[in-house]
Amino acid sequence: MDPTLEDYLQPEPAQNITLSASYDKIVISWSYSEKKKAKIGSFLLERENSGQVKSLGYFDNQTNSYEDKEFVLGETYKYRLIAISGKGVYSKPVEASITPKKLPEVENIQYKITDEGVMLSWHSSDSVMYNIYTINHKGERSKKGSTDKDFFLDKISFFTLSSFISFEDVTASGYLTYLISPYISEGAAYIEGPGRQIKIPIEDFIPSKPKEVFWTINENGVYISWKEVPEKWIKGYKIYRKTASDSEFILIGETMIPLFFDVQYNINNLKAPVFYRISSAAPLKESEPIEIKVEVQNG
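For the sequence shown, full-length UniProt numbering begins at 1 and goes up steadily by one.
Any given hint could be a false lead.
Said to hold, decoys possible - For lysine to aspartate or glutamate, the following DMTMM-like pairs were computed, each having C-alpha atoms within a straight-line distance of at most 20 Å:
id, residue 1, residue 2
1, 78, 46
2, 143, 116
3, 209, 286
4, 102, 12
5, 35, 12
6, 293, 248
7, 35, 60
8, 37, 12
Hints in this document: simulated from the structure, not taken from any laboratory.
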């Protein structure tokens, strides 16, 4: 097909360019209209520093980011992106600047196990915000949230862990690992520091002892209920039973709700007292159990 006048018109510039700096790289990202991308042959990315302009390369029209690892903290870098049509016509440049710098260290990280999950706290610096990540066994990180405070509550549930960190990962490593990193956002520029990790021992998660146990027995079995413990992160409850023929308590069931029905014994076959123990369970440890005695009253 023969070229038309439109093919030689100046292409539209990229819609935006954003810069994100960490301690080891500056990431330049941009976007371009999908409807008009077919007319773009390539993108040219340039960097200016101390009056010197350097070409970082030409990229195809499907590329939308570049990592620049050659920089010095404290110096200002201007990045210039130019869209080039298939006929070699240059668009107007889109520019953005960033001054990567060392952010304050995250210091004095503390943690507390609460009913909701893990409360993290640390020393705070003015005009700095923080990202909180979890780290899995592969060293990969997943963002949990951001805050401008000097504390963060991670509401967790060991029963419904994400696909990023599995229950097997947690129990195998014995820790929940967090990374807290400072960041600042200035216009199109975003700067994040390396941060600092803290490991929370899984054995520190010890739930409360169940209370207010109620039981009743009928022809169908033994019905046991109790007050739900306040910790939201428990894996559930474990029920143990001991009879006159047992030398020790035997685990007979687990439940996620404060309710259990034992069909082994009922009002017709319970001839001697049966003892039950109920404990709330975390990944590695159980609470102190509560014990009850179930028997049929004669007369």
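field: Violations among the numbered hints
entry: 4
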